[in-house]
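Protein chains in written order, with this note's numbering: chain W, 30 to 146; chain R, 33 to 146.
Everything labelled a hint here was simulated from the structure, so no lab data went into it.
Just so you know, these numbers come straight off a predicted model, no measurement behind them.
Treat the hints with care, as some may be off.
[Stated by the list, open to error] For lysine to aspartate or glutamate, the following DMTMM-like pairs were computed, each having C-alpha atoms within a straight-line distance of at most 25 Å:
1. K97(W) <-> E68(W)
2. K124(W) <-> E88(R)
3. K97(W) <-> E115(R)
4. K71(W) <-> D95(R)
5. K51(W) <-> E31(W)
6. K87(W) <-> E88(R)
7. K86(W) <-> E88(R)
8. K97(W) <-> E112(W)
9. K51(W) <-> E60(R)
10. K87(W) <-> E134(R)
11. K100(W) <-> E76(R)
12. K124(W) <-> E60(R)
13. K124(W) <-> E31(W)
14. K103(R) <-> E115(R)
15. K124(W) <-> D46(W)
16. K66(W) <-> E76(R)
17. K124(W) <-> D39(R)
18. K66(W) <-> E100(R)
19. K51(W) <-> D88(W)
20. K86(W) <-> D113(W)
[Stated by the list, open to error] Among chain W residues calculated to face chain R with C-beta under 10 Å, some are:
21. S57
22. Y61
23. Y132
24. F136
Glycine is no exception: its CB is placed at the ideal position from the N, C-alpha and C atoms.
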Amino acid sequence: GENVEQHPSTLSVQEGDSAVIKCTYSDSASNYFPWYKQELGKGPQLIIDIRSNVGEKKDQRIAVTLNKTAKHFSLHITETQPEDSAVYFCAASSKSHASGGSYIPTFGRGTSLIVHP
Amino acid sequence: DTGVSQDPRHKITKRGQNVTFRCDPISEHNRLYWYRQTLGQGPEFLTYFQNEAQLEKSRLLSDRFSAERPKGSFSTLEIQRTEQGDSAMYLCASSASGSSYEQYFGPGTRLTVT
Numbered sequence: 030g031e032n033v034e035q036h037p038s039t040l041s042v043q044e045g046d047s048a049v050i051k052c053t054y055s056d057s058a059s060n061y062f063p064w065y066k067q068e069l070g071k072g073p074q075l076i077i078d079i080r081s082n083v084g085e086k087k088d089q090r091i092a093v094t095l096n097k098t099a100k101h102f103s104l105h106i107t108e109t110q111p112e113d114s115a116v117y118f119c120a121a122s123s124k125s126h127a128s129g130g131s132y133i134p135t136f137g138r139g140t141s142l143i144v145h146p
Numbered sequence: 033d034t035g036v037s038q039d040p041r042h043k044i045t046k047r048g049q050n051v052t053f054r055c056d057p058i059s060e061h062n063r064l065y066w067y068r069q070t071l072g073q074g075p076e077f078l079t080y081f082q083n084e085a086q087l088e089k090s091r092l093l094s095d096r097f098s099a100e101r102p103k104g105s106f107s108t109l110e111i112q113r114t115e116q117g118d119s120a121m122y123l124c125a126s127s128a129s130g131s132s133y134e135q136y137f138g139p140g141t142r143l144t145v146t
């Protein structure tokens, strides 16, 4: 099955700095890579995703890059703000024929991002 | 409808008791997923429904766990004879069939088994 490694486990930055979180995956069939933000006491919230036919995607201060050859993908947050503080999860998934065409993601262990004012 | 809802938000039970959780997906979503999340870990897939059909189950889903989605709307997850190792956050997510990529999570049910 798929295995997703995520680094670092904790990331502390000053407000206004950039933050980068990196993930690697093992299954070359994976072709959908979502990123989730989870705040304390809440469920994960999808913040951005990328599909394997795209190398980079940007949404305001958030960008994701994907290198399928090396099987790694990264989340970049620029101009960090205190409200960006949360746990971020990457995930990798492929379309499962056994599951009616849905994608079942395998998650990394998470990165706790702390943005200091 | 503002999102996926789960009930209860917290449950404390004694070892050996049965518990049942409920998930209400986003109304137009026909796919529903259950995950388990323990401290310091990402969510782990348990099972998945498309409408009322349970299409996939993880090996994490022991015989003590059962999930249903009888009318293709809300779903329940029951754990029988709870064990301390069942203590975790149980998350529900839903997605639309036309856009089978994005899953939207509920707030979760925190289970503590004493």
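Going down the list of hints, with the structure as the test:
Simply put, K97(W) and E68(W) have alpha-carbon atoms about 29 Å apart, too far for the 25 Å limit, and the pair is violated. Distance hint between K124(W) and E88(R) is fulfilled; the C-alpha atoms sit about 13 Å from each other, no more than 25 Å. For the suggested pair K97(W) and E115(R), the alpha carbons sit about 41 Å apart, so the restraint of at most 25 Å is broken. At roughly 28 Å between alpha-carbon atoms, K71(W) and D95(R) are farther apart than 25 Å, so this suggested pair is violated.
Note on K51(W) and E31(W): the hinted pairing holds, with a Cα-Cα distance of about 16 Å set against a maximum of 25 Å. As the CA atoms of K87(W) and E88(R) are separated by approximately 33 Å, the hinted pair breaks the 25 Å bound. Simply put, K86(W) and E88(R) have alpha-carbon atoms about 31 Å apart, too far for the 25 Å limit, and the pair is violated. Of the supplied pair hints, the one linking K97(W) and E112(W) is violated, its CA atoms being roughly 31 Å apart against a limit of 25 Å.
A threshold of 25 Å between alpha carbons decides the hint, and for K51(W) with E60(R) the separation of about 34 Å lies outside it, so the pair is violated. Between K87(W) and E134(R) the alpha-carbon distance is near 17 Å, which keeps this suggested pair within the 25 Å criterion. The suggested pairing of K100(W) with E76(R) holds, with an alpha-carbon distance near 21 Å, which does not exceed 25 Å. A hinted pair counts as satisfied when its Cα atoms are at most 25 Å apart, and K124(W) with E60(R) qualifies at roughly 21 Å.
Note on K124(W) and E31(W): the hinted pairing holds, with a Cα-Cα distance of about 12 Å set against a maximum of 25 Å. About 30 Å separates the Cα atoms of K103(R) and E115(R), which puts this hinted pair outside 25 Å; it is violated. Between K124(W) and D46(W) the alpha-carbon distance is near 36 Å, which puts this suggested pair outside the 25 Å criterion. Taken as a hint, the K66(W) and E76(R) pair is honoured in the structure, with Cα atoms around 16 Å apart against an allowance of 25 Å.
For the hint linking K124(W) to D39(R), the alpha-carbon distance of about 30 Å lies beyond 25 Å, and the restraint is violated. In summary, the hint linking K66(W) to E100(R) is not supported, as the alpha carbons are separated by about 28 Å, beyond the 25 Å threshold. Distance hint between K51(W) and D88(W) is fulfilled; the C-alpha atoms sit about 18 Å from each other, no more than 25 Å. Among the hinted pairs, K86(W) with D113(W) is consistent with the structure: their alpha-carbon atoms are about 19 Å apart, no more than 25 Å.
With a cut of 10 Å, the hint placing S57(W) at the interface with chain R is violated, because the nearest CB-to-CB distance is about 18 Å. The criterion of a C-beta within 10 Å of any C-beta in chain R is met by Y61(W), whose closest approach is roughly 5 Å, and the hint holds. At about 6 Å, the closest approach between the beta carbon of Y132(W) and any beta carbon in chain R falls short of 10 Å, and the interface hint on this residue holds. Interface restraint check for F136(W): the shortest CB-CB distance to chain R comes to about 3 Å, inside 10 Å, so the restraint holds.
When each numbered hint is compared with the structure, violations occur for hints 1, 3, 4, 6, 7, 8, 9, 14, 15, 17, 18 and 21.
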